[in-house]
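So you can see what is in the structure, the chains are spelled out below.
2 protein chains.
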Amino acid sequence: MQKAVINPWEVKGEVDYNKIVKEFGVERISDKLLARIKKHTKTLHPMLKRKIFFAHRDMKWLLDEYEKGNKFFLYTGCGPSGPIHLGHLQVWYFTKWLQDVFDCELWFQFTDDEKFLIKNKSFEEIQEWMYENMLDVIAVGFNPKKTHFLIDTKHADLIYPQAIKVAKKITFSMVKSSFGLNDSNNIGLIFFTSVQAVPAFLPSIIKNKKTPCLIPHAIDQDPHFRLTRDILPKLGYYKPASIQCSFLPPLTGNQGKMSSSQAIKAILSTDSPEKVKQKINKYAFSGGKATIDEHRKKGGDPDVDVSFQYLKYMFEENDQALQEIYNDYKSGKLLTGELKQLTIIKINEFLRQHQEKRKKAKQQLDKFIYKN
Amino acid sequence: MQKAVINPWEVKGEVDYNKIVKEFGVERISDKLLARIKKHTKTLHPMLKRKIFFAHRDMKWLLDEYEKGNKFFLYTGCGPSGPIHLGHLQVWYFTKWLQDVFDCELWFQFTDDEKFLIKNKSFEEIQEWMYENMLDVIAVGFNPKKTHFLIDTKHADLIYPQAIKVAKKITFSMVKSSFGLNDSNNIGLIFFTSVQAVPAFLPSIIKNKKTPCLIPHAIDQDPHFRLTRDILPKLGYYKPASIQCSFLPPLTGNQGKMSSSQAIKAILSTDSPEKVKQKINKYAFSGGKATIDEHRKKGGDPDVDVSFQYLKYMFEENDQALQEIYNDYKSGKLLTGELKQLTIIKINEFLRQHQEKRKKAKQQLDKFIYKN
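Residue numbers (the numbering used here), protein chains in the order written: chain E, 1 to 372; chain H, 1 to 372.
Take these hints with a grain of salt, some might be off.
Given that identical chains are not distinguished, each listed pair holds provided it fits within a single copy or across any two copies.
Unchecked claim - Lysine-lysine pairs mimicking DSS-like chemistry, simulated, CA-CA at most 27 Å apart:
(1) 165 with 371
(2) 32 with 357
(3) 121 with 207
(4) 165 with 176
(5) 210 with 154
(6) 121 with 239
These are computed hints drawn from the structure, not numbers from a lab.
Sequences and hints are given; from them, build the entire structure.
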């Protein structure tokens, strides 16, 4: 088995979430916490019910504040260096749900600086990807009146003066142990974590009022926010609360995460129905048996089957229907080809709607970019 | 003897300029180079004639370009963390002369980020000092039509996107060996050298034309510009040329440099005539003998006498008059008290004019701050 590596710039190997919970020091989302959330939201998003968003920091405190009338804002983001895939959309559609049910502001950071600093790509290439990525974010359907895009380079006049206040409290030793950076990394990347901290308190500055913050994110970004949480109280702000999801698997199976730098293992937001069909049929790791006969007899393994995972993560919102698919695949009643066909239809219906909204996103861009 | 330390954040001990020339790899300013400069400037500034500006990089190339009609711009700056003293003014008045005789643009950087990151001062304190420092810079008399103040935090939208292009090419190892930084330094300071590089090529971007740059500066800033010179050709810009001066000594003698963090050893731009008189009389290290009799008999040592150094560096522009003072002090004809009196008068006349211009500087501030 490949040794697992998890940091903001690399996820590989089989991820042991129990180990992560322990090592990162996050808290598992309990049924009690879900019940408390449900009091406010009426229904629970499937990613919560299914504990795909499985861990958190300070959600109880956040709800305490919320119940006292101290509303929070959301902060999430995108590192623009390639096409958007289902793994991005997983977090963002969940974030949209949070925005809708809690009726809150969303600050959305585009870390074009980070991606330029770590990728072998020009500044211009990154800017082009950022434009493309913004269309996807808008297509998710965030409320344009309550959503503010912060672009690290474009809004540097706002961000940099705050980032240095964070940076003053972080030594290179701290960055080394948090991210595994070393002396041969470039000094831009070494500085970057202070930039990623800023949206967690910038709204408090703009509103001139200490405001709680909730960061929905995939677990690999946690090292940034652990540092952020250490520093912010020293600057007079709240520690941000956070809620973490597990990784949507790449087509090739339960190792690493879906990633745009390995596009062949990913389903992209712009993939055509034919492309999706081809990718799922050709690449989606199957939990089925070698022959139909054997499958009918012994049944398949939905827990490693990528198509089933996609249904569970994003595309079959009905719990009963999902359970039936699980049972049927496990019993051998449902064949791999049939499961794939079902998944293809679901993904394509989702992408059809997403792509339709994406086409109209260009005209909305200006409404989303934050104006000082 | 105190071991000499020279880097952008610390100068202490007796400075051996021969050793610096060798270690830093700068070139001594030759009489031939001075003659070539004089062809264009008609007269030579005393700081050049006297080789107080004693070293350079690529001045020959700069003059080649100039003679081909490819004009250069000037770039210098100020780290705002305390009051302005004569050591700052030394560089800036020389820079004004360069602006006048070569009729060129000046980009003046205020590194408020750097000073915030290295000093035990709040962001607000640094901003207040920056405002005060700007009044001094304006009082020097730079041409408002050709001078642009760049403030690292205020103009971060211009500077940061360029700084990351520099940063991508600098590893922490390079910063360690250039500045002696280590793992316990904060990540803002580690990043900072890429910010200081930007004004050396930003005008080329704004004008959309590769433009030569000349940086007049005190020799302690050289490590920044050595790195800058390594990186800029990789980004498609010229290496900046530079011209370096030796340090105006503190009142206490030829060790270290005049510094605003040791204000008692410095003469400040805002000092009253009484204050100057008191500081020179009380603190200015003297090359005189213990008694008047001994002084008359054996003579003094003008080369270690701080008052004489001040006359030589900045306040006695007439070479013949300076030589006479030198001879008279060395022979014993001129007493320490008389030399001090002479120096006090000269400094106070200089400061009277500077302070008068400083009073009127507030109204001009807006003309100097760069508008995107």
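Hints versus structure:
1. In this homomeric assembly, residue 165 and residue 371 come within 27 Å of each other (Cα to Cα) both inside a single copy, at 22 Å, and across copies, at 25 Å.
2. Neither within a single protomer nor between protomers do residue 32 and residue 357 lie at most 27 Å apart by alpha-carbon distance, with minima of 36 Å and 70 Å respectively.
3. In this assembly of identical chains, residue 121 and residue 207 lie within 27 Å of each other by CA distance solely across copies; the values are 25 Å between and 36 Å within a copy.
4. In this assembly of identical chains, residue 165 and residue 176 lie within 27 Å of each other by CA distance both inside one copy and across copies; the values are 19 Å within and 22 Å between.
5. Both within a single protomer and between protomers do residue 210 and residue 154 lie at most 27 Å apart by alpha-carbon distance, with minima of 25 Å and 24 Å respectively.
6. Only between protomers do residue 121 and residue 239 lie at most 27 Å apart by alpha-carbon distance; the minimum there is 24 Å, versus 34 Å within a single protomer.
The structure fails hint 2 only (numbered hints given earlier).
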